Amino acid sequence: MRRSYLFALLSGLLILLLLLHLFNGSWDWDFKTLLKSLTDFDISNTQEVIFREIRFPRTVTAILAGAGLSIAGLLMQTYFNNSLAGPSVLGISSGSSLFVALAVLSGWELLNTAHSLVFAALIGAFLFSLLILFFSAFVRSAISLLLIGMMLGSFTSAVIQVIQLGTHAERLKSYLLWGFGSLQQNSFEQLGLFFLVFLLACASLIFLIKPLNLLVLGEKQARILGTNIALNRMILIAVASVFAGLITAYCGPISFIGLAVPNVVRQLYRTKDHRYLLLGSALFGAITLLICDLVIIYVEPFLLLPLNAITALIGAPVVVWIILKRF
Amino acid sequence: MLLFLSCQGNSPEQAQKQQSNCQYAKHFRLTSYDHYNKLEIINPDDPEEISSYLLLPRGQKAPKGNHLPIIETPVNRAIVLSATSIGMMAKLSESTTISGVSSMEYVYDPLVKEAFKQGKIMEVPSINQLNPERVYRQAEILLYNGFGQKPAQAQKLEQLGVHCLPIYDWREAHPLGKAEWIILFGALTDQLEAAQNYLQEIEEAYKGLIIQSKKLPKGPRLLSGSIYGDHWHMPAAESFNAELYELAGANYKAYVKPGSGSAAYNLEEVLEGWRDVPVWINPQFKSKQEMLQSNSKYAYFKAFQDGELYCYTHDPNRFWEYSAIEPHHVLSDLMQIIHRGKIPEKKLYFYRKISE
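Residue numbers (numbering that gives the first Met the number 0), protein chains in the order written: chain U, 0 to 326; chain H, 0 to 355.
There could be a bad hint or two in this list.
Listed below are several chain U residues computed to face chain H (Cβ distance under 8 Å; list not exhaustive) [said to hold, decoys possible]:
| # | residue |
| --- | --- |
| 1 | Glu-52 |
| 2 | Phe-179 |
| 3 | Ser-203 |
| 4 | Glu-299 |
Calculated from the structure, these hints are not laboratory results. Given the structure is predicted, the values throughout are model-derived calculations rather than measurements. Just so it is clear, CB atoms sit at the ideal spot from N, CA and C, and this is done for glycine as well.
With the hints as constraints, model all of the structure from the sequences given.
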């Protein structure tokens, strides 16, 4: 009963925030223009251009990114059996960052465009996922894999620092701006691929619910109960990598959401059943990122805030709370 | 350009005739005495902080009681870390005096490029990672653009006799104030008269253009800048660029936020306020294709659709080296762009229409 109420509450809140975000934080809603911009787009009407090219992609990106990062975080936390794991621990985001750094800091104009940055981030995430999958075939312990992921992160940070040393200030600034994270870089056309890959990754979660529920008992217990640990581990890492890589590619590295949201959802739902935890993480992640972006919209006339500053301001206290509560 | 100031008579040094050589520049003063110059560079953020030097011709004795650091002129080897400084040296035919730059990638001057090929010029990519010994071997002075901080090794360099001078031409609000910094370079290289003559020429040309512009009807509205990160940065109403746009006849200031730097807008605000503006200046791209690759939403602007996009990006290094010292060409270009078809057509000097 409690879970049904929670689901209804979170869904209602999500719809309310979605509308508020879509109308740029204002209560003055104009559904007619919004629907017309999506179904019968008139390029000469500036309001329709604003809805179709700016507000709609930003809102959809916030929902997909918030949901995707939270799901990836939950997968990592369950697999590593550690509340402080997140989408970045396997080095997937680091792979994206490295390839974006190479594209931006190399100075090749061809590589420094919106599309090529998405492409570079996807390539980076994909290659680093392969690397992690390769290691996972040899390493039995989840902790060892976690350490390898952290080492990959340190390694890429060092490489990026070396590249930055000889880079011109303008290019360095472009890379730093990418690192702030953003929900505003996608166009209406770009949403199609983003949404499709997101849906495919979500669909694959159906096959992971049972193994995830068994993994909560620990790897040994899960194996005794008939789970193919090696296979499920590879699927789990692959799905988490797709979520993390996809979102880093389209929005830049967004911190704390993947770490903080699953922990809050566990407290809210008080269950280890991943049917609820996955759905709850997706809803609460989308809600959290919409709230973060609404804060940016509201304070924009006075202060330009980067997305990562807001997610950290909200996420860091949550992480401290988890540490104090659990350890 | 010369402004006679005063005669003082308390001491032998003070009794000598003084001339201040600056009329528009606010962040440096050069006072000429009989056989030396006194240079004062004023920190724009803290006018109390003044770096003073005595520019003394080689072989001359310093005046009695002098306590200022002495720079012997003409300076034969100078590391110049800003593009405008290279342009000013070049205008005085002193490119060969340059012995170091920040990065050759951003240099236009052919003589500097040639000297680099011959190994006569060093690159100084970061002001905080200077090797004092190398700099000492390479230069007598180091001119940096002073983005609020001295080189980390400034004290060691001063001990070695290499003076580090901040150059604040970029903080001057008046176009002729920026250009007037050529006086400083003239004094350092013993080309003061040539610098003054050049300034007089461009002042006449610049003022002539302003008179011409005032006689023309008000021009169209302008869109300026482009998206950087999540925001569109446009010159604010009291900024240097906004002033130039208005002087050239554009209807610009009334529509932008107040301020002396750049103002940030979100894309939605820019689409609502500037979508139908006919001319777009300084989008900072080389081609329309490059603009679309960076952000496809640029295509919704009328100026983009009509191809009325102007920038200096076909040769940015030339613009950054010479625009400060040739403000009359910048103003003339802007007038040509704003009053297209209403004034006699003239080939653009710095600007070009952005290609497809």
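So, going through the hints one by one against the coordinates:
The restraint placing Glu-52 (chain U) at the interface with chain H holds, with a minimum CB-CB distance near 5 Å, inside the 8 Å limit. For Phe-179 (chain U), the shortest C-beta to C-beta distance to chain H is roughly 7 Å, which falls under 8 Å, so the interface hint holds. The closest approach between the C-beta of Ser-203 (chain U) and any C-beta of chain H is roughly 31 Å, which is over the 8 Å cut-off, so the hint fails. Look at Glu-299 (chain U): its Cβ gets to within about 6 Å of chain H, closer than 8 Å, so that hint holds up.
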